[in-house]
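Chains R and Y supply the protein sequences, listed in that same order.
Following the working numbering, the numbering of the first sequence begins with 351 at its first residue and continues without gaps.
Following the working numbering, the numbering of the second sequence begins with 65 at its first residue and continues without gaps.
Every clue listed holds true.
In silico lysine-lysine, DSS-like type, Cα no more than 27 Å apart, as pairs:
1) R:K474 with Y:K470
2) Y:K187 with R:K452
3) R:K452 with Y:K186
4) R:K387 with Y:K186
5) Y:K186 with R:K431
6) R:K409 with Y:K187
7) Y:K124 with R:K431
8) Y:K390 with R:K612
9) R:K411 with Y:K186
10) R:K431 with Y:K187
11) R:K572 with Y:K441
12) R:K387 with Y:K470
Just a few of them, taken from the derived set where beta-carbon distance is under 10 Å, the chain R residues facing chain Y:
13) I477
14) H553
15) L594
16) L605
17) L622
The hints are simulated quantities; they were obtained by calculation from the structure and are not laboratory data.
Glycine included, each C-beta is placed from N, C-alpha and C at the ideal position.
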Amino acid sequence: MFIVKYKKIFLSLSVILIVVSLIFIFTFGLKPGIDFKGGALLEVNYSSVRPEVSLLQDKIKTLNIDQALIQPTGTSGYLIKTRDLNESEHETLLTSLSLDGKYPVSEKGFTSIGPSVGSELLRKAIISIIMVILAIILFITYAFRKVSRPVASWKYGIITIVTLLHDIIIPTGIFALVAHYTGAEIDTLFVLALLTILGLSVHDKIVVFDRIRENLREGDKKGFAETVGASTSQTIVRSINITLTIIFVLVPLYLFGPETTKNFAFILTIGLFFGIYSSLFFASPLLVWIEEWQTKSKKS
Amino acid sequence: MRKRIILALIILIIGSGVAFFVYKTEPKLNKNFETQGAFLKKFPFRLGLDLSGGSHLIYKADVSAVSSGEVGSSMSALRDVIERRINLFGVSEPVVQVEHSGLISGSGEQLIVDLPGITDIKKAVEMIGQTPLLEFKTEAPKGATQNATVDKNGKVTLDINSQYIATELTGRYLQKATLEFDSNTREPKVSLQFDATGTKLFAQITKDNIGKTVAIYLDGAPISTPVVREEIPNGQAVISGNFTPNEAKLLVGRLNSGALPVPITLLSTQTIGATLGESAVNAGVKAAIIGFLLVALFLILWYRLPGLIAVLALSFYTAILLAVFKLLPVTLTAAGIGGFIISLGMAVDANVLIFERMKEEIKNGHNITDGIHAGFKRAWPSVRDSNTSSIITSVILFWLGTPLIKGFALTFGLGVLVSMLSAITISRIFLYALGIEKSNKFTKFLFSSGFSK
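With the rest of the complex left out, here is chain R (with noise of 0.2 Å):
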């Protein structure tokens, strides 16, 4: 099987894709939404001709909301970002945005999160994703610790998360680098897309090694890595096909779908296809350089 035999090129690809995306996310860095460090945003709509942006600058520099951010949506809307105000400054704020009354204006959503929820959400989101960690590195040493040598079971789940790290990584590196031109910020919608490419990835890494607990158990004579790479072409097509049939519901989602959502559909294919191609090119690869690795320094 070529995946194993150039399992060093294959590895080494992962890293580099790793290290590059690594220093998207640390040069670029991230932008939290306003669901992570508070903030308010109000989306209007104006119901003949929208003003210009300097004219909406202008007059919210009087209203004591420190800065604005204004953005255009749609023909004749726009994304106003602010701090986070209570109920008499969104009033006020509502009311500015029509200038004296010259441009009609109406309210089609408006969010206000304190400080303090925005901290507790973030904090929320990181405690799941280490949970979700955790439970999959028990269930994958439970699932498969009949199957311990010559890899022990844990071990297949270390080799899952180490993937896992990859398909998080890699998607949130490109995240980072279109988010540094479009200005997109992580919500909790993006936290929620990087949790669905861990549930993914791992059903996926479960059906390869489900495959390799399966051949080894049948006593295969020939050696580990060989088992690994025919069980890794024996589930290839599978893989294939279904990463295609999830990216045909996922690419609707992204050109039809809520607005709300199309982020995270976007991530959502990054990850999956990531996800598919780390099952494939970097967990059989290195669950035999592990093996191999093991072997060695026994020997020595």
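Given the coordinates of chain R, work out where chain Y should sit on it, guided by the hints.
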């Protein structure tokens, strides 16, 4: 053989029945929705605020005055009161939830209020804020520090708030309030009846403070400071605070709808306009339908006969899951629809795993019937384990997540559960019912896949 066909027919009938139920109970699909029986009207989809429009408010409850053992009951009392208050205003299906502080949720006790259809936050905040906070306070012991202000004429005013200290007795122990008029002065009075706990507390307070004043606070301001003459064991108190009859009447109404057991402050607000929500629903439905069609096309072109059966099983899966959403009911949000769409993918995965395995077994010399058997049997462990891990993930997310993540985890988890049923049971029953025994060129073609002939 006949048994298998009958079983398949039963499944077909049940599946169509479920699909029909989903159709009949949905006002948007069924034109005769208004004219049908009350039973079917009870189950439309329940849409979350982001899809139906409405307000989402998060309040922080100040429980510093409540002893730690009592926090839970104070918070549920608070929830009940706010629910009653909102119901007075006729909001349909409001959701009022308490979020306790803890290792995971962190900062303090919170109250989350969802008001579907209310997009005027100002009105919503008023509706909740109007609830009165009733407190009973006793005189501070002599020698306690008192705050005083001296105005420019040299007149010293003692700050009344520092003269009184809070007791445990608050509006949460109130059973009911009634409006009365003093028989001599015709002055309006509000008479209060405490519940069992409140009666005990009130008896204790009056017993300990004979000859002293007790202050009755409403919304943080003292409205009456009567002198206690004797212990009052029957749990009845009267507030006579120079009310006009109208003020007294309003106060009685507010007290009866419930006084807040603990003070609350607004932390964050969110409103979603109805049009924004509706366009999100339409977009979500459109995306789901296109996604489903693409998947169906792919399955039939690639997996041929088994693919067709997978599409049938997938249709049943969708109908069953939608019916579950209606019956439980599950509140659908944009993230929840996302979870549903992804679980569609998972449902396909189980079938793909089985079909790939079937094909392999047939290639390795099994005849078609044995191939189908072996395919299901050998694919089962990986279907089981991969779906178990998905279910574990969704349980953790549902347990720890924020409301948005919970919505996703619920539809995703239910979807994975139902998909195990549809992929394993339904496709198997149909494949067996077809009863393809012979292995000839044509049946082999039907069971192969991809570009092979």
